[in-house]
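S.K.: This is what each chain is made of:
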Amino acid sequence: MLTAFAQAFRTPDLRKKLLFTLGVIALFRLGSQLPTPGVDTQAINTCLEPALDEGGIYGLINLFSGGALLQLAVFALGIMPYITASIIIQLLVVVIPRLETLKKEGQAGTAKLTQYTRYLTIALAILQSTALIAIARQPGRLLQGCDLPLIHDVGAFGIITMVSIMTAGTAVIMWLGELITDRGVGNGMSVLIFTQIAATFPQQLWQIKVVEGWFVFIVVCGAGLVLVAAVVFVEQAQRRIPVQYAKRMIGRRMYGGTSTYIPLKVNQAGIIPVIFASSLLYLPALATQIGDPTSQWAIWIQKYFTRGDHPIYMLTFFVLIVFFAFFYVAITFNPTELADNMKKYGGFIPGIRAGRPTEEYLDYVLNRITTAGAIYLGVIALIPMVAIGVLGSSATQQFPFGGASILIIVGVGLDTVKQIQSQLQQRNYEGFLR
Amino acid sequence: METAFQILLLMTSMLIVLLVLLHKGKGGGLSDLFGGGVSSSLGGSSIAERNLDRITYIVMIVWSASCIGLLLLLKE
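Protein chains in written order, with the numbering used here: chain H, 1 to 434; chain F, 435 to 510.
Note that these hints are calculated values from the structure, not bench results. Glycine included, C-beta positions come from ideal geometry on N, C-alpha and C. Keep in mind that a hint or two might mislead.
Here are the computed lysine to aspartate or glutamate pairs in the DMTMM-like style, where the Cα-Cα straight-line distance is at most 25 Å [claimed, not checked]:
#1 K458/F - D182/H
#2 K265/H - E337/H
#3 K17/H - E483/F
#4 K16/H - D487/F
According to the in silico footprint, chain F covers these stretches of chain H (three or more CB under 8 Å from chain F) [to be verified]:
#5 105-119
#6 160-170
Given only the sequences and the hints, what does the whole structure look like? Please build it.
M.R.: Okay, structure coming up:
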């Protein structure tokens with residue numbers, strides 16, 4: 001493993017990519033720490049401690065932004081607008097026929113969809129930064145239980161400047177992510193999410209030691225390691241459907257006759273369902289922040305949807321995850337197309353006729369395997385919430401080995417390592433994973 | 435002085451948003467996100483794209499410098 005790592009750095013091509021990625025990550029973290037001009041950093045620092053202990057609605061979102069959100073940093077919004085925009089576009093593809101035809105067009109259509117997603121990201125960034133600053137403007141709203149003013153200049157011009165800085169920050173993040181995808185290692189957006197979560201990780205872990213003592217700290221670490229191992233195990237799991245290709249004579253040469261398999265991952269959807277579900281669940285809480293906090297519906301939402309330890313919240317979270325798991329698999333994996341392609345190239349699954357029966361078989365297997373995968377995702381994501389409910393202490397509100405963060409860290413880590421490995425294999429065959 | 439910085443920031447922010455949007459999106463949509471697999475990064479970027487990159491770098495440097503400058507000004 002270590003020699004492979006050294007090898008990766010000895011390969012000039014790969015070294016350049018790795019260093020580039022690290023540089024972008026460093027820049028990204030820098031921007032997440034840099035406060036937006038006009039924000040009173042001292043007031044925020046004094047207010048942040050009690051607000052984080054309280055937990056509150058921003059826990060997960062703050063986690064995704066690596067602590068940048070509550071510090072009102074330049075990169076406060078992080079990648080959330082891009083994720084939300086992606087969700088919206090993906091959902092619209094199903095609903096609006098014009099977008100659907102674009103998607104079916106192939107590469108050119110997908111590029112156009114990406115462009116729409118980018119425009120929508122900027123629109124959302126403007127919206128969210130305005131909302132965030134509007135909340136921060138009133139003392140005691142963003143960081144509850146603290147009456148210090150967080151912003152120096154509450155005039156219109158100062159506010160507009162701050163909004164435009166945050167919007168530009170989001171655009172920069174989007175670009176940095178694309179740069180990583182293009183010239184670095186791994187998928188840019190996921191690497192950036194990974195960075196933000198990994199950045200808050202040690203701090204939260206240490207918080208547990210400070211509050212609960214060494215014993216709980218060691219137990220939590222051990223539990224976390226076991227969980228990571230289990231998650232890696234399931235992430236790698238796949239069902240292999242055998243495919244036999246018929247031998248064909250074209251001219252004087254023989255083609256085909258090979259037998260391969262279609263790998264169907266147990267967790268085909270990856271971590272997207274978790275991210276989607278948590279960002280959707282954050283919306284009602286956001287609505288109460290913007291609207292009147294004393295009205296009836298706001299109180300109802302605050303009662304049931306702002307704290308992770310309420311059963312209704314957990315149930316909704318679970319149902320949403322399962323739904324998005326199926327939704328995502330349905331979008332990305334098309335049995336009809338696969339069956340058609342197999343028929344075209346003379347392939348078949350042993351014991352099943354080509355064409356429609358194959359399609360039905362694939363659909364059947366996929367449904368069953370996704371059911372298991374979706375339930376697994378939901379259970380993993382619920383672990384921290386259940387732990388909070390059982391332990392009943394407020395300090396574990398930000399359980400560091402939270403399901404979402406573990407899933408993302410392991411998922412992105414595996415993906416990136418696999419990509420490095422495949423590039424390494426172009427030169428020699430020993431890799432990280434055996 | 436402060437207002438000058440603010441105006442500079444406002445303009446560079448808008449420029450950044452514009453420049454980033456002018457880029458061809460390479461991050462891929464959702465299917466790329468966490469989907470795994472090596473994304474197609476075939477083909478180098480064109481000269482126009484490279485120039486766009488260069489301009490974006492410069493504007494970003496000006497933007498961040500004025501950001502830090504305004505921060506220091508407000509601290510005093």
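S.K.: Hint check: K17/H vs E483/F, CA-CA at most 25 Å. Holds or violated?
M.R.: holds, 19 Å
S.K.: Between K16/H and D487/F, is the straight-line Cα distance small enough, at 25 Å or below?
M.R.: Holds, at roughly 18 Å.
S.K.: Are at least 3 residues of the region 160-170 of chain H within less than 8 Å of chain F when you compare beta carbons?
M.R.: holds (count 6)
S.K.: Taking 25 Å as the top limit, are the C-alpha atoms of K458/F and D182/H close enough?
M.R.: Given that 25 Å is the threshold and the Cα spacing comes to 11 Å, the pair holds.
S.K.: Given the hinted pair K265/H and E337/H, is their alpha-carbon gap at most 25 Å?
M.R.: holds, 18 Å
S.K.: Tell me whether the statement that chain F covers the region 105-119 of chain H is true, taking a Cβ distance below 8 Å and needing three residues at minimum.
M.R.: holds (count 8)
This entry satisfies every hint, going by the numbered hints stated previously.
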